[in-house]
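Residue numbers (this note's numbering), protein chains in the order written: chain A, 1 to 347; chain B, 1001 to 1235.
Please note that a few of the clues may not be correct.
[Said to hold, decoys possible] Below, in silico cross-link-like pairs of lysine to aspartate or glutamate (EDC-like), each with a Cα-Cα straight-line distance of 16 Å or less:
| # | chain 1 | residue 1 | chain 2 | residue 2 |
| --- | --- | --- | --- | --- |
| 1 | A | 29 | A | 54 |
| 2 | B | 1153 | A | 91 |
| 3 | A | 86 | B | 1129 |
These aren't lab readings, by the way, just hints derived from the structure by calculation. These numbers come from a predicted model, not from an experiment.
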Amino acid sequence: MTDIISVRGLAKSYGKKEVVHPLNFSVKKGEILAIIGPSGAGKSTLLRMLDTIEPASEGEITLFGEKVTKHSTHNLRNRMGMLFQKTVLFDRTVEENIALGLSYRHVSHEERQKRVTEILEEMGMSEYARRSSRTLSGGEGQRVSFARVLVTKPEILFLDEPTANLDPVATKLLEEMILHENRVNKTTIIINTHDQSQSQRLADRVAVMMNGEFVQIGSADEVFYHPTNERVAKFVGVQNLFTGVVRNGNATSGGVVFCPAPHVPDGIVQIMLRAEDISLSKTEIDPGRISVQGRVVSSERAGAFLHVLVDAGCIFSVICPFRQTGDTYVPGDIVHIAWRIDAVHIT
Amino acid sequence: MGEITDGFLEAITLIVTMNPELMEIAGRSLYVSSIATLVAALIAIPIGAVIYYYDFRGKRTVINLVQTLYALPTVIVGLLVYLLVSNSGPLGSLKLLYTVNAMIIAQVILVSPLIVGLAIAALSGLDKEMKYTTMALNARAYRAMMTLVRETKFAILSAVVLAFGRAIAEVGAVMMVGGNIRHFTRTLTTAITLNTSMGEFSTSIALGIILLTIALIVNFGVNFFQHYNGRMKDD
């Protein structure tokens, strides 16, 4: 597979403020790359530069093997599409909205009509064709915006937090459409999201962007279970982060032995453990795992889950399904917590 | 007091009987200002769109300058156009001085900045993503601008109607370059000026009522378009 997008030293500054620091990465044809990171990390600016609608301050972008220059943008954009967080609908009918990109490309009226009808049918939205775009709900509006992009048959899609303003049902529908587009048409996709589970559901690779740079890029498993540093770990929701030591082949912190670490040289380390990888019980837990005894500090419900803090030398954050446990943990209870050795990540 | 009451009664008679000279003057006023507003809109809306669409050095200054020109004194425009079209001016050979066309030119200059400025303001009210979307859909600049102007049609129409109101109500410029010649270049405002200075209050009041009625209709127009514009934003 060849690189369809390749970026060298790409940076963007507004005045003196550099919002995207020089970046190097490439994306293969047919791949889905998710970029996750907090707001203001430069994700949107990066996507706009890749879609050539915002000029870069430095560096170069190669798309379809062709370098982006002032003169090549128009031809390159013909093969790409972009969807924004904020739904953009023009004050026209649904079909006129969808036909807009085609009319910009001087596609004939008949061809336009045919392709718009096709895509509406494919999306199960045929009855919407003549409706005014103003009558659509948020989810419907974003689907129409997506249709407007797809109807131009893009080979690369840039999606800038496309589901951030949508309810869970509309989000799921759009995610299915995104995956369908990738699987059926082999469309290369870069999607910005702050929803980590979304990046896991959709992406082949995940890049974590913070303060204008990629701090980690890899498979979803690598990023979520083996974050390269504390900042990434905190962002991807590793609640249990301890500064500990490796001595005599064991990683310990606060008197708790987390796991054997025979290949790690002695010294100070960061120990990371995801809250959902820890199990909680009032009785002794099976011996195949590391188990310690502690006392419940607090216990609160978060949706369908129970979030319990346990003091076992260090304060552990534990998440378990509420149905399984019932509301049986109160502060002061003596409990056992346990985790598998391979759930611990040391850096 | 009697003079004013009499003036009012006579004015109403003049309007009700559709006095030919009165109608001629009102018709000329409407003609001059309509053409001027139309021409100004055709020039000013694209200029506004270009200023909005492109990022360039000094953009803020240009916008400030345009906004300053909203308050351009009508006599200054009159002077400018007079110098331009007088016999010794650069356009002197066209023999435009004291014609309706000179008056139209003056009003175009007068109201264009208003339309440019309000068009920029209307377009700037659009979401940034809307401009990005036209670019991402690969519109050429002029197509993108047309799409975006179309999105702000109500706000821009209300700007145009407002410009018409300014054009039809001004007196300084048309007086200077039109000359207030009876049956030729006399408009509602110049006629009011003349008749008042001659003590012909009834005619002045009649002309004034017509002018106010036009202003009222203009204001209804602005409100109508702004209401539509507001409703679009609420949705």
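Hint check results:
With a CA separation close to 23 Å, the supplied pair residue 29 of chain A and residue 54 of chain A exceeds the 16 Å bound. Restraint check: the Cα-Cα separation between residue 1153 of chain B and residue 91 of chain A comes to about 10 Å, which is no more than 16 Å; the hinted pair holds. Under the criterion of a C-alpha separation no larger than 16 Å, the hint pairing residue 86 of chain A with residue 1129 of chain B is consistent with the structure, at around 7 Å.
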